[in-house]
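Given chain U, work out where chains X, Y and E should sit, using these hints.
There are 4 protein chains.
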Amino acid sequence: MSGNSFGKLFTVTTFGESHGPAIGCVIDGCPPGLVLSEADIQPDLDRRKPGTSRHVTQRQEADTVEILSGVYEGKTTGTPIMLIIRNQDQRSKDYGNIVESFRPGHADYTYWHKYGVRDPRGGGRSSARLTAPVVGAAAVAKKWLHEQYGTVFMGCMSQLGDIAVPFEGWEHVPDNPFFAASGDLELIARMEAAMDELRRDGDSIGARIDVVAKNVPVGLGQPIYDKLDADIAYAMMGINAVKGVEIGAGFRSVAQRGSEHGDELTPGGFVGNNAGGVLGGISTGQDITVSIAIKPTSSIRTPRRSIDKAGTPVMVETFGRHDPCVGIRATPIAEAMLALVLIDHALMHRAQCGDVRVDTPKIA
Amino acid sequence: MSGNSFGKLFTVTTFGESHGPAIGCVIDGCPPGLVLSEADIQPDLDRRKPGTSRHVTQRQEADTVEILSGVYEGKTTGTPIMLIIRNQDQRSKDYGNIVESFRPGHADYTYWHKYGVRDPRGGGRSSARLTAPVVGAAAVAKKWLHEQYGTVFMGCMSQLGDIAVPFEGWEHVPDNPFFAASGDLELIARMEAAMDELRRDGDSIGARIDVVAKNVPVGLGQPIYDKLDADIAYAMMGINAVKGVEIGAGFRSVAQRGSEHGDELTPGGFVGNNAGGVLGGISTGQDITVSIAIKPTSSIRTPRRSIDKAGTPVMVETFGRHDPCVGIRATPIAEAMLALVLIDHALMHRAQCGDVRVDTPKIA
Amino acid sequence: MSGNSFGKLFTVTTFGESHGPAIGCVIDGCPPGLVLSEADIQPDLDRRKPGTSRHVTQRQEADTVEILSGVYEGKTTGTPIMLIIRNQDQRSKDYGNIVESFRPGHADYTYWHKYGVRDPRGGGRSSARLTAPVVGAAAVAKKWLHEQYGTVFMGCMSQLGDIAVPFEGWEHVPDNPFFAASGDLELIARMEAAMDELRRDGDSIGARIDVVAKNVPVGLGQPIYDKLDADIAYAMMGINAVKGVEIGAGFRSVAQRGSEHGDELTPGGFVGNNAGGVLGGISTGQDITVSIAIKPTSSIRTPRRSIDKAGTPVMVETFGRHDPCVGIRATPIAEAMLALVLIDHALMHRAQCGDVRVDTPKIA
Amino acid sequence: MSGNSFGKLFTVTTFGESHGPAIGCVIDGCPPGLVLSEADIQPDLDRRKPGTSRHVTQRQEADTVEILSGVYEGKTTGTPIMLIIRNQDQRSKDYGNIVESFRPGHADYTYWHKYGVRDPRGGGRSSARLTAPVVGAAAVAKKWLHEQYGTVFMGCMSQLGDIAVPFEGWEHVPDNPFFAASGDLELIARMEAAMDELRRDGDSIGARIDVVAKNVPVGLGQPIYDKLDADIAYAMMGINAVKGVEIGAGFRSVAQRGSEHGDELTPGGFVGNNAGGVLGGISTGQDITVSIAIKPTSSIRTPRRSIDKAGTPVMVETFGRHDPCVGIRATPIAEAMLALVLIDHALMHRAQCGDVRVDTPKIA
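Chains as they are written, first to last, in the numbering used here: chain U, 1 to 364; chain X, 1 to 364; chain Y, 1 to 364; chain E, 1 to 364.
Be a bit skeptical, because a hint or two may be false.
Copies of one chain are not kept apart here, so a pair can be met inside one copy or by any two copies together.
Claimed, not checked - Within a straight-line C-alpha distance of at most 20 Å, the following computed EDC-like cross-link-like pairs (lysine to aspartate or glutamate) qualify: (1) K309 to E61; (2) K309 to E73; (3) K214 to D184; (4) K75 to E38; (5) K75 to E100; (6) K143 to E66; (7) K309 to E264; (8) K214 to E168; (9) K143 to E38; (10) K75 to E147; (11) K309 to E147; (12) K75 to D40; (13) K75 to D175.
Rather than coming from a laboratory, the hints here were simulated on the basis of the structure.
Next comes chain U alone, as it looks inside the complex:
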């Protein structure tokens, strides 16, 4: 409850630092009887892990997950599931030069002022590496949601810097290093070129990511404050480097008229999904659609003005291994956060209204 736990009923508590001995999490509240092994979790971790292409950090981490508790004879027991990932490539020397000063755009400055202590080992706890345990925990959530309701999660990059990536189909996502839902090879080549240029420049770029959950039961969410969309916004804005979140039509709603925005209903279901699958904080049974804005990586080689702890001006360059676009690996992370929100609300719904009737006369 002190900040490092996510979820009320399916509660994930993480621990660890980027360059400490291990990272991981404890999952409390997973329903019993779910068939589970590391093999259910590893594939999602592999999608997120570093070093998969030249466009992401070259840090070498197998990100091998180990289940230390909560599973007996291949089934969850209802007690806490502990996931641990041992760090392998801890080159803390890379960070030696920035211990005394604050990297622009980084948490260095705020940690220092908050805690009076700062763990510079790879950014310590503020590193995006801490999203790995979350992706692991979400793999458990996804499996349960899929078994219960058939829920599935998809995500893609829809913009890289100023390059828009028109959606063509989910099947393209695994075929390129950007999680682009596009089979346009010329476009992919343009993205690769842009990334190569950035790397040469020692600079970085932002991205826009879209995530979708399909086959979500009607009725998940609490009307006031723990709205499904409010919790999604919390989850997404909590991902490192995220600066904006949209549900459904998002900021396009501003210029819409009510007669255009409000999704009409017919006996065949909703006509349109400006709502993004949420009305009044509660799921409609349509796809949940979310978009997020990811800022450019703060760690860049380009020298930047800063100050040290004494307040003296310094120039800071960040060497080491960094993603020139943290947005690239954000897709599986955003899917993971969405899954964690949905399982929590599914359990909460079950508490208050009993077992979810998936056979609801659903019209969407």
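Only chains X, Y and E this time, still in chain U's reference frame:
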């Protein structure tokens, strides 16, 4: 903890329905010794209340707040503060015609599927009227934050449908019915004309609202998950009709380069505020800047396709008294939510790190 | 979450002071569709209310409960239920003489040191009067538990000072002013004489109360920390004046051998109930049995040594209307707390394991 | 929030099973800047660990604790502290014979009915072995409380079965295998003989444990529900095998008169401590005094009637390595739980009322 409470340490639990006898909230966790009376709370409620111009709902509500507990001899005692606002203008007959069908864009459909019960009295609990108690609770939070740290809150409408409202100065906000930070009378006239036309058309429009907190101490927020910005996103997306949230540069970050986005530091402070006052989930001491997208009001006179509880097609027109742009009254609500997030994090910070040192060698 | 809420999923947040305008609570998380009106709640309040015999405080309070939200057309809607009880007999002048000094055994001293503010109106928030809203909220919980599982709650006084009250049968409880489960009229007369003597002496006495829940489903409770018995202990020790809590054999367990204490099982069920219906923190399906020790009322007419705020010695006598044995009215309160614990665990169980199967091959 | 976490602000989340690969916990909310290493934690674990005398289980466990996160250069960073203890002596074969039936007095029956899954490895999660991580976490809490307020914790066994152990002085506790605060060698010999006889008989016995916290600041605790004593009761009843909890005079209060029970005040402080250091749910600054009843160990060699999963009658004898009196090792565990409650309330107090003034004109 079941959805209707906001905040962990300064916890606001609301109750009531739009057309029930009363609405209100219990504030648990307000520090003792704060000088407090209804006079500290009423002005914020008056900024939000209906009927202040022809551009908002004509429902007649004095929204008079009464403190029923937690204050003794003009000071908070540290025990729960109960605020109650009695509903006056409960014309539920207006809603009679929509009890059996689902209004597009409304929570009718989802409430019905979730609870199997639906309170149609003015939208029941899903009504924006339920933001009144929150504004009341936030007035208490604002007073405490101002006394402790000098924190102040401002908000304005920066876009009405497709009319952008360039920021000129906070002093203009009270001088027009739109919370526009602009003294451009021609622009205001254009906004009024647009609203009048909408009303004639029986339609509605969206809006973009910006809110800012100034004089926020450095160090508020938890690094992983209860980040300050994550909790702000949760709070904002929880406001009725909000579909998008941005912190700092928001979606503009997508096309920015790291060398542009990352705010440099000098001995005189940060250069720029793309971060929106939050780095790594913790406040930097700069202004917290937030923008939200508000969808067009769902209740419109224009007939729309829908279905009834039996799934039969119907046409729905919503009569009654509605804001043609719910965004107009959203400004004080968004300020309120921001204040509630900040006091909660201020108290959490005090728990973990001791009294906030406002005399921190702050360089921002 | 700041102390004044009880329960995680069926959350009761109280407000009010003994001599303020009103007391009450907000119930968040009550399942929808429960038929509910004030008539379901008032009887439990009437059992607890003052003035029912000469052995309890003569304060005149009708304790009439009003439902202000959360119920529509006679059914709970799933949204917060607000209960309000207006205070009628607020003779705060009675307390005038003790504002500056600390009554022995009372919360005066600790409130003063904690908050630096003290609300002396009838003990303010520390008054046992604040148990009324809890009894109201529990009436809702009891109704739901009874409808779902047939659960019923009973309680009785088993000791008044040094007078033991042997259990004869629940049917006797309403027939005497002490909640004694005894039809022994001579014993009741002895209790009445003891109380009359105490009143003459201006003194008070303690009591022991037993409460039982029958027809509790198997499987409620979390194995580590939020054990069913741990939450019961929390609930009971939280009642004003309680100094001890036992589950099942309680302190008798100390001198028992394992071969005596551990309840054997046969195909017909458990043999004995030393466990008090809880093993490993989880309900067995047997009766939940709880005993509590209630200290003698602190407000007595007998002069006692104390100090004032300046630390100067003073003598304190407490006039006004007080229960000479707060234990007498504690029986319905203890039943109420037990009901609140059970509904919370029932909902939590439903979240984690799905709908409770009351047709479990239960052997107890 | 799903049961396996303890504390709201200093939150300990445990994981692991008795015979799994490892047990441990994540501590979230420890204030930054505390000097901390394994050497601060190991001594408390050593007091609790098995195999220290012939009167406790002979399981061989070094219980060596390792800090995996949250400490940098010897100081806590304010981020989660992960403690891990690897299990060494996992003879699960010992339990093979009881997998299909339910041991009387054990959690076997309730786990099976709750989860439909049961982890028999050494009792799985219901084993008292899971108190080890708590003792580790509490060592951190104790260190912080001692540095802030000088708080210290003591505990002793005051009764073993029917042998009362009169309190002589804390200095005797480490000198005998029972945590007896007595230097009476004849008494200790009698306790040893009783234990030896029990072991020969294949039976077990209960115990009474007293714990005390000294130098507790005035003002810790919330008046309604999260009372300091309510949270202590929750913590204590949550320890394996505890069936009763008393604060201060406890069940003796039942027969006390108000003129005897209510502790008078003089300028020199309170006269007596029937309150056990808590009035109205808030600490008085006096010693916090708590007693608990521990039931006899359920795992005994004496054959007992039970049933198997099919409901067929069976006889159960539990071989393997068990404490004939689990109460013996309960003393450090009870101290630990008390420390966890106090640090949580100390942080909560700091949130609501600012830094605790230890220089309060304390008169106790």
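Going down the list of hints, with the structure as the test:
For the homomeric pair K309 and E61, neither the shortest alpha-carbon distance inside one copy (32 Å) nor that between copies (46 Å) is at most 20 Å. In the homo-oligomer, the alpha carbons of K309 and E73 lie at most 20 Å apart only across protomers (18 Å), although the nearest pairing inside one protomer, at 53 Å, exceeds that limit. In this assembly of identical chains, K214 and D184 lie within 20 Å of each other by CA distance neither inside one copy nor across copies; the values are 25 Å within and 47 Å between. In the homo-oligomer, the alpha carbons of K75 and E38 lie at most 20 Å apart inside one protomer (12 Å), although the nearest pairing across protomers, at 34 Å, exceeds that limit.
In this assembly of identical chains, K75 and E100 lie within 20 Å of each other by CA distance solely across copies; the values are 17 Å between and 48 Å within a copy. In this assembly of identical chains, K143 and E66 lie within 20 Å of each other by CA distance solely inside one copy; the values are 17 Å within and 32 Å between copies. For the homomeric pair K309 and E264, the shortest alpha-carbon distance between copies (15 Å) is at most 20 Å, but the shortest distance inside one copy (57 Å) is not. Only within a single protomer do K214 and E168 lie at most 20 Å apart by alpha-carbon distance; the minimum there is 17 Å, versus 44 Å between protomers.
Taking the closest pair of Cα atoms, K143 and E38 come within 20 Å of each other only inside a single copy of the chain (12 Å); across copies the shortest separation is 38 Å, beyond that limit. In this assembly of identical chains, K75 and E147 lie within 20 Å of each other by CA distance solely inside one copy; the values are 14 Å within and 33 Å between copies. For a Cα distance limit of 20 Å, the shortest separation of K309 from E147 qualifies neither inside one copy, at 52 Å, nor across copies, at 27 Å. Proximity of K75 to D40 under the C-alpha cut-off of 20 Å is restricted to the intra-copy arrangement: shortest distance 12 Å within a copy versus 37 Å between copies.
In this assembly of identical chains, the alpha carbons of K75 and D175 never lie at most 20 Å apart, being 33 Å within a copy and 46 Å across copies at closest.
This entry does not satisfy hints 1, 3, 11, 13, going by the numbered hints stated previously.
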